[in-house]
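Under my numbering, think of the first position of the sequence shown as 21, with each following residue one higher.
Hints in this document: simulated from the structure, not taken from any laboratory. Glycine residues also receive a C-beta, built at the ideal position from the N, C-alpha and C atoms. Treat the hints with care, as some may be off.
[Claimed, not checked] No more than 27 Å apart at the CA atoms, straight line, and that leaves these computed lysine-lysine pairs for DSSO-like: (1) LYS58 x LYS148; (2) LYS148 x LYS202; (3) LYS29 x LYS259; (4) LYS90 x LYS45; (5) LYS58 x LYS33; (6) LYS202 x LYS29; (7) LYS27 x LYS202; (8) LYS202 x LYS33; (9) LYS259 x LYS272; (10) LYS90 x LYS27; (11) LYS27 x LYS273; (12) LYS58 x LYS29; (13) LYS271 x LYS202; (14) LYS202 x LYS273; (15) LYS90 x LYS58; (16) LYS155 x LYS29; (17) LYS58 x LYS273; (18) LYS45 x LYS259; (19) LYS90 x LYS29; (20) LYS259 x LYS33; (21) LYS202 x LYS259; (22) LYS27 x LYS259; (23) LYS272 x LYS202; (24) LYS33 x LYS148; (25) LYS155 x LYS33; (26) LYS271 x LYS259; (27) LYS45 x LYS58; (28) LYS259 x LYS90; (29) LYS148 x LYS29; (30) LYS58 x LYS27.
[Stated by the list, open to error] The following label-pair restraints were derived from C-beta to C-beta distances: (31) ASP124 x GLY192: 31 to 41 Å; (32) LEU263 x GLN57: 20 to 30 Å; (33) GLU206 x ASP26: 17 to 27 Å; (34) ARG47 x LYS155: 18 to 28 Å; (35) LYS272 x ASP124: 38 to 48 Å.
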Amino acid sequence: MGYSSDKLKIGTKTFQSRLMLGTGKYRTTNDAIESIQKSDCEIVTVAIRRLPTNLQNDTTNFLNHLNWNKLWLLPNTAGSQTAEEAIRMAFLGQELACQIGQEDNFFVKLEVISDPRYLLPDPIGTLKAAEFLVKNNFTVLPYINADPMLALHLEDLGCATVMPLGSPIGSGQGLNNLSNIKIIIENSQVPVIVDAGIGNPSEAAAAMELGADGVLLNTAVAQATNPAQMAYAMNLSVKAGRLGYLSGPMKKKYYATASSPLTQISKLT
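Use the sequences and the hints to build the structure in full.
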(Lines of atoms letter the chains of each structure in order from A and count residues from 1; the text may use other names and numbers.)
(Lines give C-alpha, C1' and ligand atoms only; values in the text may rest on other atoms or scores of the structure.)
Protein backbone atom coordinates (compact mmCIF):
# COMPACT_ATOMS: atom_id res chain seq x y z
CA MET A 1 0.00 0.00 0.00
CA GLY A 2 1.41 3.41 -0.94
CA TYR A 3 1.47 6.24 1.56
CA SER A 4 -0.93 8.40 -0.48
CA SER A 5 -3.65 5.75 -0.29
CA ASP A 6 -2.99 4.90 3.36
CA LYS A 7 -5.60 6.88 5.24
CA LEU A 8 -6.46 6.98 8.91
CA LYS A 9 -10.12 6.27 9.65
CA ILE A 10 -11.60 7.41 12.95
CA GLY A 11 -15.32 6.84 13.25
CA THR A 12 -16.77 7.91 9.92
CA LYS A 13 -13.99 10.40 9.12
CA THR A 14 -10.81 9.72 7.15
CA PHE A 15 -7.55 11.63 7.39
CA GLN A 16 -4.36 11.63 5.37
CA SER A 17 -2.13 12.85 8.19
CA ARG A 18 -1.42 10.60 11.16
CA LEU A 19 0.03 13.39 13.28
CA MET A 20 -2.30 15.23 15.65
CA LEU A 21 -1.21 18.42 17.35
CA GLY A 22 -2.15 20.09 20.61
CA THR A 23 -2.52 23.84 21.06
CA GLY A 24 -1.28 24.51 24.61
CA LYS A 25 2.03 25.79 26.02
CA TYR A 26 3.11 27.80 22.96
CA ARG A 27 5.03 30.96 23.78
CA THR A 28 3.20 33.02 21.16
CA THR A 29 0.07 32.78 19.05
CA ASN A 30 2.18 32.91 15.90
CA ASP A 31 4.19 29.92 17.10
CA ALA A 32 0.98 27.92 17.46
CA ILE A 33 -0.42 28.87 14.06
CA GLU A 34 2.84 28.32 12.19
CA SER A 35 3.48 24.98 13.93
CA ILE A 36 0.04 23.68 12.96
CA GLN A 37 0.70 24.69 9.37
CA LYS A 38 4.20 23.15 9.25
CA SER A 39 3.06 19.93 10.89
CA ASP A 40 0.68 19.23 8.00
CA CYS A 41 -1.71 17.81 10.60
CA GLU A 42 -5.45 17.62 10.03
CA ILE A 43 -6.61 17.09 13.62
CA VAL A 44 -6.05 19.82 16.19
CA THR A 45 -6.93 19.23 19.83
CA VAL A 46 -7.98 22.04 22.13
CA ALA A 47 -8.77 22.02 25.85
CA ILE A 48 -12.41 23.03 26.18
CA ARG A 49 -11.72 24.70 29.52
CA ARG A 50 -9.39 27.20 27.85
CA LEU A 51 -11.96 28.38 25.30
CA PRO A 52 -14.51 31.17 25.69
CA THR A 53 -18.17 30.22 25.71
CA ASN A 54 -18.70 32.17 22.50
CA LEU A 55 -15.64 31.68 20.35
CA GLN A 56 -16.90 33.88 17.51
CA ASN A 57 -16.98 36.96 19.74
CA ASP A 58 -13.35 36.50 20.77
CA THR A 59 -11.50 37.77 17.70
CA THR A 60 -8.15 37.55 19.53
CA ASN A 61 -8.36 33.75 19.94
CA PHE A 62 -5.94 32.10 17.52
CA LEU A 63 -8.49 29.40 16.68
CA ASN A 64 -10.35 32.02 14.67
CA HIS A 65 -7.26 32.35 12.48
CA LEU A 66 -7.10 28.68 11.49
CA ASN A 67 -8.62 27.25 8.32
CA TRP A 68 -11.32 24.92 9.62
CA ASN A 69 -12.10 23.78 6.10
CA LYS A 70 -8.80 21.90 6.22
CA LEU A 71 -8.60 21.13 9.95
CA TRP A 72 -10.79 19.01 12.22
CA LEU A 73 -11.34 20.12 15.79
CA LEU A 74 -10.74 17.54 18.52
CA PRO A 75 -12.08 19.07 21.75
CA ASN A 76 -10.49 17.53 24.84
CA THR A 77 -11.75 17.30 28.39
CA ALA A 78 -8.42 18.16 30.04
CA GLY A 79 -8.85 19.33 33.61
CA SER A 80 -11.78 17.03 34.30
CA GLN A 81 -11.29 15.12 37.55
CA THR A 82 -14.50 13.08 37.34
CA ALA A 83 -16.54 11.34 34.67
CA GLU A 84 -19.34 13.85 35.19
CA GLU A 85 -17.04 16.81 34.54
CA ALA A 86 -15.67 15.16 31.41
CA ILE A 87 -19.16 14.49 30.07
CA ARG A 88 -20.14 18.12 30.61
CA MET A 89 -16.97 19.27 28.83
CA ALA A 90 -17.69 16.95 25.90
CA PHE A 91 -21.08 18.57 25.29
CA LEU A 92 -19.50 22.03 25.48
CA GLY A 93 -16.90 20.88 22.97
CA GLN A 94 -19.60 19.90 20.51
CA GLU A 95 -21.16 23.35 20.85
CA LEU A 96 -17.79 24.97 20.13
CA ALA A 97 -17.34 22.74 17.08
CA CYS A 98 -20.65 24.06 15.79
CA GLN A 99 -19.36 27.62 16.19
CA ILE A 100 -16.55 26.97 13.71
CA GLY A 101 -18.92 25.36 11.22
CA GLN A 102 -18.42 21.70 12.14
CA GLU A 103 -21.98 20.87 13.17
CA ASP A 104 -21.40 17.17 12.52
CA ASN A 105 -18.30 17.05 14.73
CA PHE A 106 -18.97 14.89 17.80
CA PHE A 107 -15.30 14.01 18.34
CA VAL A 108 -13.97 14.21 21.88
CA LYS A 109 -10.60 13.37 23.34
CA LEU A 110 -11.68 11.95 26.67
CA GLU A 111 -9.43 12.79 29.63
CA VAL A 112 -10.38 12.04 33.22
CA ILE A 113 -7.44 12.86 35.48
CA SER A 114 -7.89 12.99 39.25
CA ASP A 115 -4.16 12.71 40.06
CA PRO A 116 -2.71 16.26 40.18
CA ARG A 117 0.92 15.24 40.56
CA TYR A 118 1.59 12.62 37.89
CA LEU A 119 -1.44 13.46 35.71
CA LEU A 120 -2.20 9.82 35.08
CA PRO A 121 -5.65 9.08 33.63
CA ASP A 122 -8.31 7.56 35.89
CA PRO A 123 -9.35 4.22 34.31
CA ILE A 124 -12.66 3.90 36.19
CA GLY A 125 -13.76 7.45 35.45
CA THR A 126 -12.68 7.07 31.82
CA LEU A 127 -14.75 3.89 31.37
CA LYS A 128 -17.78 5.51 32.97
CA ALA A 129 -17.61 8.65 30.83
CA ALA A 130 -16.82 6.71 27.66
CA GLU A 131 -19.86 4.48 28.05
CA PHE A 132 -22.18 7.47 28.44
CA LEU A 133 -20.67 9.46 25.57
CA VAL A 134 -20.68 6.55 23.13
CA LYS A 135 -24.38 6.00 23.88
CA ASN A 136 -24.93 9.68 23.08
CA ASN A 137 -23.31 9.35 19.64
CA PHE A 138 -19.93 10.90 20.44
CA THR A 139 -16.82 9.70 18.63
CA VAL A 140 -14.74 8.97 21.71
CA LEU A 141 -10.94 8.97 21.71
CA PRO A 142 -9.97 7.99 25.27
CA TYR A 143 -6.60 8.92 26.78
CA ILE A 144 -5.42 6.00 28.92
CA ASN A 145 -2.47 4.40 30.64
CA ALA A 146 -0.82 1.76 28.47
CA ASP A 147 -3.13 -0.90 29.87
CA PRO A 148 -4.00 -3.61 27.30
CA MET A 149 -7.09 -4.84 29.17
CA LEU A 150 -8.48 -1.34 29.66
CA ALA A 151 -7.93 -0.70 25.95
CA LEU A 152 -10.01 -3.79 25.09
CA HIS A 153 -12.82 -2.75 27.46
CA LEU A 154 -12.98 0.70 25.86
CA GLU A 155 -12.99 -0.81 22.39
CA ASP A 156 -15.85 -3.11 23.44
CA LEU A 157 -17.80 -0.05 24.64
CA GLY A 158 -17.55 1.42 21.14
CA CYS A 159 -14.70 3.92 21.43
CA ALA A 160 -13.35 5.01 18.05
CA THR A 161 -9.71 4.76 19.11
CA VAL A 162 -7.57 4.06 22.14
CA MET A 163 -4.85 6.52 23.08
CA PRO A 164 -2.22 5.01 25.40
CA LEU A 165 0.42 7.29 26.85
CA GLY A 166 4.06 6.72 25.98
CA SER A 167 5.12 8.28 29.29
CA PRO A 168 3.67 10.93 31.61
CA ILE A 169 2.17 13.89 29.77
CA GLY A 170 4.59 16.74 29.09
CA SER A 171 7.57 14.73 30.38
CA GLY A 172 9.38 14.13 27.09
CA GLN A 173 10.51 10.74 28.40
CA GLY A 174 9.53 8.94 25.21
CA LEU A 175 8.11 5.42 24.94
CA ASN A 176 8.57 4.08 28.46
CA ASN A 177 5.64 1.67 28.09
CA LEU A 178 6.88 0.01 24.93
CA SER A 179 5.92 -3.59 25.71
CA ASN A 180 2.36 -2.70 26.75
CA ILE A 181 1.90 -0.43 23.73
CA LYS A 182 2.95 -3.34 21.51
CA ILE A 183 0.29 -5.56 23.11
CA ILE A 184 -2.38 -2.89 22.67
CA ILE A 185 -1.48 -2.51 18.99
CA GLU A 186 -1.54 -6.28 18.42
CA ASN A 187 -4.93 -6.74 20.09
CA SER A 188 -6.77 -3.63 18.96
CA GLN A 189 -9.31 -3.53 16.15
CA VAL A 190 -9.56 0.27 16.33
CA PRO A 191 -6.80 2.82 15.67
CA VAL A 192 -4.14 3.15 18.37
CA ILE A 193 -2.87 6.70 18.82
CA VAL A 194 0.19 7.11 21.03
CA ASP A 195 -0.51 10.17 23.13
CA ALA A 196 1.77 11.95 25.61
CA GLY A 197 5.44 11.71 26.52
CA ILE A 198 7.04 11.95 23.08
CA GLY A 199 9.84 14.48 23.08
CA ASN A 200 11.83 13.85 19.91
CA PRO A 201 11.09 12.97 16.27
CA SER A 202 12.88 9.62 16.64
CA GLU A 203 10.37 8.61 19.31
CA ALA A 204 7.42 9.52 17.08
CA ALA A 205 8.95 7.43 14.30
CA ALA A 206 9.51 4.53 16.72
CA ALA A 207 5.84 4.58 17.75
CA MET A 208 4.77 4.43 14.12
CA GLU A 209 7.26 1.66 13.33
CA LEU A 210 5.60 -0.43 16.05
CA GLY A 211 2.36 -0.22 14.09
CA ALA A 212 0.65 2.64 15.92
CA ASP A 213 -1.93 4.34 13.73
CA GLY A 214 -0.99 7.85 14.77
CA VAL A 215 0.72 10.13 17.25
CA LEU A 216 -0.67 13.04 19.24
CA LEU A 217 1.77 15.49 20.78
CA ASN A 218 1.98 19.03 22.05
CA THR A 219 4.79 19.94 24.45
CA ALA A 220 7.54 18.54 22.22
CA VAL A 221 6.61 21.10 19.58
CA ALA A 222 5.35 23.99 21.72
CA GLN A 223 8.42 24.05 24.00
CA ALA A 224 11.02 23.51 21.30
CA THR A 225 13.42 26.38 20.61
CA ASN A 226 11.98 26.53 17.10
CA PRO A 227 8.42 25.14 17.36
CA ALA A 228 7.54 25.35 13.68
CA GLN A 229 10.71 23.53 12.67
CA MET A 230 10.07 20.84 15.26
CA ALA A 231 6.51 20.49 13.97
CA TYR A 232 7.89 19.89 10.49
CA ALA A 233 10.38 17.35 11.86
CA MET A 234 7.54 15.50 13.62
CA ASN A 235 5.55 15.50 10.41
CA LEU A 236 8.43 13.83 8.56
CA SER A 237 9.16 11.35 11.35
CA VAL A 238 5.54 10.16 11.56
CA LYS A 239 5.47 9.69 7.79
CA ALA A 240 8.82 7.87 7.82
CA GLY A 241 7.77 5.60 10.68
CA ARG A 242 4.51 4.70 8.97
CA LEU A 243 6.24 4.00 5.67
CA GLY A 244 8.80 1.85 7.45
CA TYR A 245 6.03 -0.17 9.10
CA LEU A 246 4.13 -0.62 5.83
CA SER A 247 7.32 -1.66 4.03
CA GLY A 248 7.74 -4.76 6.17
CA PRO A 249 11.14 -4.36 7.85
CA MET A 250 13.66 -7.18 7.62
CA LYS A 251 13.73 -9.63 10.52
CA LYS A 252 16.52 -9.26 13.05
CA LYS A 253 19.22 -11.93 13.11
CA TYR A 254 21.67 -13.00 15.79
CA TYR A 255 24.54 -13.33 13.33
CA ALA A 256 26.06 -11.35 10.48
CA THR A 257 24.97 -11.85 6.88
CA ALA A 258 27.07 -10.37 4.09
CA SER A 259 25.17 -7.86 1.96
CA SER A 260 27.17 -9.07 -1.08
CA PRO A 261 27.30 -12.88 -0.71
CA LEU A 262 30.20 -14.63 -2.43
CA THR A 263 27.85 -17.27 -3.86
CA GLN A 264 26.09 -14.66 -5.98
CA ILE A 265 29.40 -13.26 -7.21
CA SER A 266 30.63 -16.71 -8.27
CA LYS A 267 27.46 -17.27 -10.29
CA LEU A 268 28.05 -14.05 -12.21
CA THR A 269 31.62 -15.09 -13.05
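> Looking back at the hints listed earlier, which ones does the structure fail to meet?
Replying inline: Structure breaks hints 1, 11, 17 and 34.
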